[in-house]
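**Q** Letter by letter, the chains look like this.
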Amino acid sequence: MIKSNKAQGSVEILIGIFFIIFFIYIFNILAANTVETLEINKIKEQEQEIVLSLSDFLYSGVNVLEEGYNIIAYDATYRIPLIMVPSQNPTCTVTIDKFDISIVTEYNDRNVSYSIANIIPQDSYNLSSPIVTNCGSELSCTIDTGKLECS
Amino acid sequence: MNYKLKNKKGQVMVLDVMFTIVLIILILFLLFRWAEVKTYQSINDRQTAELNYISKTAFVSLTENHSINCYAFDNDNNYLISSCFGGDSVVSKNDLGIPVNYKCNFSIDGFAIGTNDCDDVFVPANVDNYFSVDFNVITNTDRYIKKSIYLTNILDKVDTFTEHEATLVIWK
Chain V
0 MIKSNKAQGS
10 VEILIGIFFI
20 IFFIYIFNIL
30 AANTVETLEI
40 NKIKEQEQEI
50 VLSLSDFLYS
60 GVNVLEEGYN
70 IIAYDATYRI
80 PLIMVPSQNP
90 TCTVTIDKFD
100 ISIVTEYNDR
110 NVSYSIANII
120 PQDSYNLSSP
130 IVTNCGSELS
140 CTIDTGKLEC
150 S
Chain C
0 MNYKLKNKKG
10 QVMVLDVMFT
20 IVLIILILFL
30 LFRWAEVKTY
40 QSINDRQTAE
50 LNYISKTAFV
60 SLTENHSINC
70 YAFDNDNNYL
80 ISSCFGGDSV
90 VSKNDLGIPV
100 NYKCNFSIDG
110 FAIGTNDCDD
120 VFVPANVDNY
130 FSVDFNVITN
140 TDRYIKKSIY
150 LTNILDKVDT
160 FTEHEATLVI
170 WK
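From first to last, the protein sequence lines are chains V and C. Residues in the first sequence are numbered consecutively from 0, following numbering that gives the first Met the number 0. Residues in the second sequence are numbered consecutively from 0, following numbering that gives the first Met the number 0.
Hints are computed from structural coordinates only; laboratory data are not their basis. Note that the Cβ used here is the ideal one computed from N, Cα and C, for glycine as well. Honestly, I wouldn't trust all of these hints.
Keeping only pairs whose Cα atoms sit at most 20 Å apart, straight-line, the calculated PhoX-like set for lysine-lysine is [said to hold, decoys possible]:
| no. | chain 1 | residue 1 | chain 2 | residue 2 |
| --- | --- | --- | --- | --- |
| 1 | C | K37 | V | K97 |
| 2 | C | K92 | C | K37 |
| 3 | C | K102 | C | K92 |
| 4 | C | K37 | C | K102 |
| 5 | C | K37 | V | K41 |
| 6 | V | K146 | V | K97 |
| 7 | V | K43 | C | K37 |
| 8 | C | K55 | C | K102 |
| 9 | C | K171 | C | K55 |
If you anchor each label on the Cβ, the simulated ranges turn out as follows [stated by the list, open to error]:
| no. | chain 1 | residue 1 | chain 2 | residue 2 | range |
| --- | --- | --- | --- | --- | --- |
| 10 | V | K146 | C | W33 | 45 to 51 Å |
| 11 | C | K171 | V | N32 | 25 to 31 Å |
| 12 | V | E65 | C | I26 | 17 to 23 Å |
| 13 | V | N125 | C | S82 | 28 to 34 Å |
| 14 | V | Q87 | C | K55 | 30 to 36 Å |
| 15 | C | T38 | V | G15 | 20 to 26 Å |
| 16 | C | D15 | V | D99 | 23 to 29 Å |
| 17 | V | I19 | C | V126 | 49 to 55 Å |
| 18 | C | N135 | V | D108 | 51 to 57 Å |
| 19 | V | D143 | C | K171 | 31 to 37 Å |
| 20 | V | I16 | C | P98 | 34 to 40 Å |
| 21 | V | R109 | C | P98 | 23 to 29 Å |
Using the sequences and the hints, build the whole thing.
**A** The structure is reproduced here in structure tokens:
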């Protein structure tokens, strides 16, 4: 009778340990997924800020071009900010083409992207091929022969 | 007797563990609900920020645009007159920088613009979020105004131009 009780107790302890391990495992997966979702949202927020401020920067060049302030040479530089989340500093690529300003961030083997239509009038700037650059690098714009040129 | 006491202790222990597990699961649910709310809020904020950016840019482009607003001209120069529209003004989504996936409605109370591409039908009940601005503009039959007339209007405060209220609404 006592032996049987001891065996039952051992089985219960084993089940308890197994349950705790399983619980921790599930909790870890769920917590990691939650953190990842929150970080992806943070990345998207930062991506949007970068794309909108970049669009603002390009638009200010177009305003100067349209107003005809050509007394001094227009030469403006914008440093594209880095994207940062608590777990890592992911790399990101910014692409400016005729139709879109887009940004792609590599995060945990997946691409997090955001894009907005390029609202700069197409006849205001020379953009024969898309501008592809990385976060942290500088984008310089000048006005040459009545058009905005960025590189 | 001794056996019964042990059994009761076991029952209390099991109840304690059960309560703890239920509490932990409830906390987990709370955490996930919080994450869900944060995610939804973040998506909403992004959509609002994009709408605001496009709308503010469109508003500035509408009131200070070389292709849309009036000019005061003399023999040598042209001067842009902000917030002035002529009967021959042409308002296009492209000039306002409004992407194709956005809709807009621009109207001037009591005045018809020559060509207005910003004429989508706006029904507030069908739209979750929209940007709307009312502002005063001056209108003239022609976009090109003689500088002498323009200066007379400003310096002598002669009301040559007609003042109207304009409304710009942008939504997705």
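**Q** Hints first: check each against the structure and report whether it holds.
**A** How the hints compare with the structure:
1. C:K37 to V:K97: violated (34 Å)
2. C:K92 to C:K37: Violated - the C-alpha atoms of K37 of chain C and K92 of chain C are around 34 Å apart, more than 20 Å.
3. C:K102 to C:K92: The hint holds at about 9 Å.
4. C:K37 to C:K102: violated (28 Å)
5. C:K37 to V:K41: Distance of about 10 Å is within 20 Å: holds.
6. V:K146 to V:K97: holds (14 Å)
7. V:K43 to C:K37: holds (13 Å)
8. C:K55 to C:K102: holds (14 Å)
9. C:K171 to C:K55: holds (14 Å)
10. V:K146 to C:W33: 45 to 51 Å: Distance hint for K146 of chain V, W33 of chain C holds at roughly 50 Å.
11. C:K171 to V:N32: 25 to 31 Å: About 29 Å separates the Cβ atoms of K171 of chain C and N32 of chain V, which means 25 to 31 Å holds.
12. V:E65 to C:I26: 17 to 23 Å: violated (58 Å)
13. V:N125 to C:S82: 28 to 34 Å: holds (31 Å)
14. V:Q87 to C:K55: 30 to 36 Å: Hint holds: Cβ distance 33 Å, inside 30 to 36 Å.
15. C:T38 to V:G15: 20 to 26 Å: violated (35 Å)
16. C:D15 to V:D99: 23 to 29 Å: violated (58 Å)
17. V:I19 to C:V126: 49 to 55 Å: Because 51 Å falls inside the window, the suggested range holds.
18. C:N135 to V:D108: 51 to 57 Å: Since N135 of chain C and D108 of chain V have Cβ atoms about 55 Å apart, the given range 51 to 57 Å holds.
19. V:D143 to C:K171: 31 to 37 Å: The hint (31 to 37 Å, Cβ to Cβ) holds, given that D143 of chain V and K171 of chain C are roughly 36 Å apart.
20. V:I16 to C:P98: 34 to 40 Å: Distance hint for I16 of chain V, P98 of chain C is violated at roughly 58 Å.
21. V:R109 to C:P98: 23 to 29 Å: holds (26 Å)
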